[in-house]
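So the sequence lines, in the order shown, correspond to chains A and B. According to my numbering, the stretch in the first sequence is residues 1 to 395, in order. According to my numbering, the stretch in the second sequence is residues 396 to 487, in order.
Derived from the structure by calculation, the hints contain no laboratory data. These figures come from a predicted structure and were not determined experimentally. The beta carbon of each residue, even a glycine, is placed where N, CA and C say it ideally should be. Among these hints, one or two may not hold up.
[Unchecked claim] Using 27 Å as the maximum straight-line C-alpha spacing, the simulated DSSO-like pairs for lysine-lysine come out as follows:
hint, chain 1, residue 1, chain 2, residue 2
1, B, 472, A, 10
2, B, 472, A, 366
3, B, 462, B, 472
4, B, 472, A, 87
5, A, 277, A, 395
6, A, 10, A, 110
7, A, 395, A, 272
8, B, 462, A, 87
[What the hints assert, rightly or not] Covered stretches of chain B, going by a simulated chain A footprint (3 or more residues, C-beta under 8 Å):
hint, region
9, 446-460
10, 468-480
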Amino acid sequence: MTVELQHPMKADATPDEVARGRFVSGMRSLILNDLAGDMRSAYERRAAPAFKKKHGREPESSREAHQALRGDPAFNIYSAMRVQAQKMVWASVADSVERESDRLASEAEKAAGALGSLELDPALEVPKNVHAIDVHLMPGSYTRGADSLEAGAVYDRGLAVFSMGLMGANLDDIGLSMSQYIKQRHPDFAPQRILDTGCTIGHNTLPWKQAYPDAEVIAIDAAPGPLAYGSARAKMQGQEVAFRQMCADDLAFEDESFDIVWSSMFLHELSKKQRAKAFDEAYRVLKPGGLVIHMELPPNEQMGAFDGFYLDWDSYYNNEPYYKGYRDEVPRELCTRAGFADDQFFDFVVPSIGIYGDQAVADAAKGDRAEGVCQETTGRLAEGVMWYGFGAWKK
Amino acid sequence: MVRFRSVEKVSDEKLRPEDAPPGLYDDQGNPRFFADPGMDRFVAVVMNLAQEVWVQEERLLALEEAKSGDAIDRDAKAKEFIDRVFAPIREA
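Between the sequences and the hints, there should be enough to build the whole structure, so can you do that?
Structure, rendered in structure tokens:
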């Protein structure tokens with residue numbers, strides 16, 4: 001199902017456009033649930049045994065699982081359909097965004113006086129990973145329409161189709177689940193200043209403001225259009241957030257000035273070098289006692305060959321060039337290399353609050369470090385999704 | 396005005412995982428899966444066509460709803476439709 005967005009910039013879609021979106025959500029559900037299951041079964045039944053026959057052992061890595069699956073009929077149909085469904089996601093919202101560009105601008109204008117701010121930096125050079133390829137096959141990437149509301153609207157409406165309801169009606173399930181997990185696990189932690197890095201339209205920024213209403217929340221991204229859209233979107237929802245155009249690997253903030261540095265589904269969009277710098281910067285701007293926390297895909301080191309490749313698929317076929325490189329890195333090392341103490345690192349799995357409910361998140365927060373990183377539902381946008389996160393406290 | 400960080404000409408290869416063999420893509424850089432590249436396009440055409448049929452189906456559902464006064468669960472109908480149309484691929 002396609003969710004209906006919760007703010008005045010939601011699409012005023014024609015019945016045909018609604019039908020197109022519903023169809024694409026339904027196709028993605030077929031592909032990511034049923035065809036994914038068929039591919040796993042083909043892997044176990046055909047691809048892995050064929051690999052073993054040739055190499056004398058089972059595939060041991062994501063790369064070898066990929067090798068084993070290439071050419072298998074179940075892999076071919078899953079992949080060809082997933083690529084086309086991804087293109088159809090963005091195509092299904094393009095017409096309404098184009099038609100409604102004036103209305104979007106006028107809605108944003110109406111909300112301009114609400115609390116919150118937007119600060120663009122015309123001198124900032126947008127890095128190539130943000131503009132030079134159509135990231136996840138999204139035409140024009142994050143810089144479509146320059147600093148107009150277009151890229152943000154395509155992303156917001158597209159995500160509503162893409163997510164099949166699994167990210168919640170406000171597309172904030174990740175932020176809600178993670179912020180509640182932290183709040184309940186650390187009830188005495190009272191952050192005063194929170195930074196979201198790589199926020200796009202701020203959909204997973206807002207839950208932190210909701211969890212800690214007294215905190216000052218700042219959200220940055222390199223792409224100006226989504227920030228402008230995100231700022232309007234936050235204002236319309238009465239959430240005071242300062243949006244600023246800035247790169248996570250070059251923060252214009254003072255040392256020791258934040259209590260939380262957060263990101264969601266962001267680290268895999270950075271090159272290895274940018275990622276390391278982003279961790280250095282997070283360490284620098286955190287106060288002692290502050291927390292770096294990222295929601296991301298679970299790392300390859302904690303997954304079997306097939307499940308690892310299942311997630312790495314996007315790197316090869318969905319214009320996510322740094323996805324596999326990120327997943328091959330070790331979260332603990334990302335933190336310790338930046339200066340965080342080894343014993344301050346933690347990783348965890350949070351059940352989606354929208355699917356499993358508040359109590360499940362509360363239970364996870366009370367439990368030991370959540371198990372289940374290697375479960376099929378972890379990090380995978382499909383029925384029963386759970387989110388992987390990791391972080392570290394700065395001593 | 397948006398400024399882009401000046402880079403040397405970005406080739407597709409540079410923005411792909413290092414271990415991606417060139418044979419994964421056609422000469423336009425599109426992913427290719429089937430031995431006959433026409434099949435990759437054919438799959439896309441079938442999906443587009445099914446989408447257009449579904450759009451027509453929703454128009455009919457709207458008429459039926461108006462006539463009977465009963466609400467129709469379109470998400471459930473869409474799932475049935477997709478399952479029915481794409482049943483043969485489940486045999487891969």
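Agreement of residue 395 of chain A and residue 272 of chain A with the hint, judged by alpha carbon distance not exceeding 27 Å: Answer holds: residue 395 of chain A to residue 272 of chain A is near 25 Å, not above 27 Å.
Establish whether the coverage given for the region 446-460 of chain B by chain A is satisfied; the threshold is a Cβ-Cβ distance below 8 Å, and no fewer than three residues must meet it. holds (count 7)
CA of residue 472 of chain B to CA of residue 10 of chain A, is that 27 Å or under? holds (24 Å)
With a cut-off of 27 Å on the C-alpha distance, tell me whether residue 462 of chain B and residue 472 of chain B pass. holds (18 Å)
Straight-line Cα separation of residue 277 of chain A and residue 395 of chain A no greater than 27 Å? The hint holds at about 19 Å.
When you check the alpha-carbon spacing of residue 462 of chain B and residue 87 of chain A, does it fall within 27 Å? Violated, because 36 Å separates the two Cα atoms, which is more than 27 Å.
Count the residues of the region 468-480 of chain B with a beta-carbon closer than 8 Å to any beta-carbon of chain A: does the count reach three? Our answer is that it holds, as 7 residues pass the Cβ test (under 8 Å) against chain A, meeting three.
Run the distance test for residue 10 of chain A versus residue 110 of chain A: straight-line Cα separation, threshold 27 Å. Measuring from Cα to Cα gives roughly 15 Å; hence the hint holds.
For residue 472 of chain B and residue 87 of chain A, compute the direct alpha-carbon distance and say whether it is at most 27 Å. holds (23 Å)
Are the Cα positions of residue 472 of chain B and residue 366 of chain A separated by 27 Å at most? Distance ~41 Å between residue 472 of chain B and residue 366 of chain A Cα, so the pair is violated.
Comparing the model with each numbered hint stated earlier shows that hints 2, 8 do not hold.
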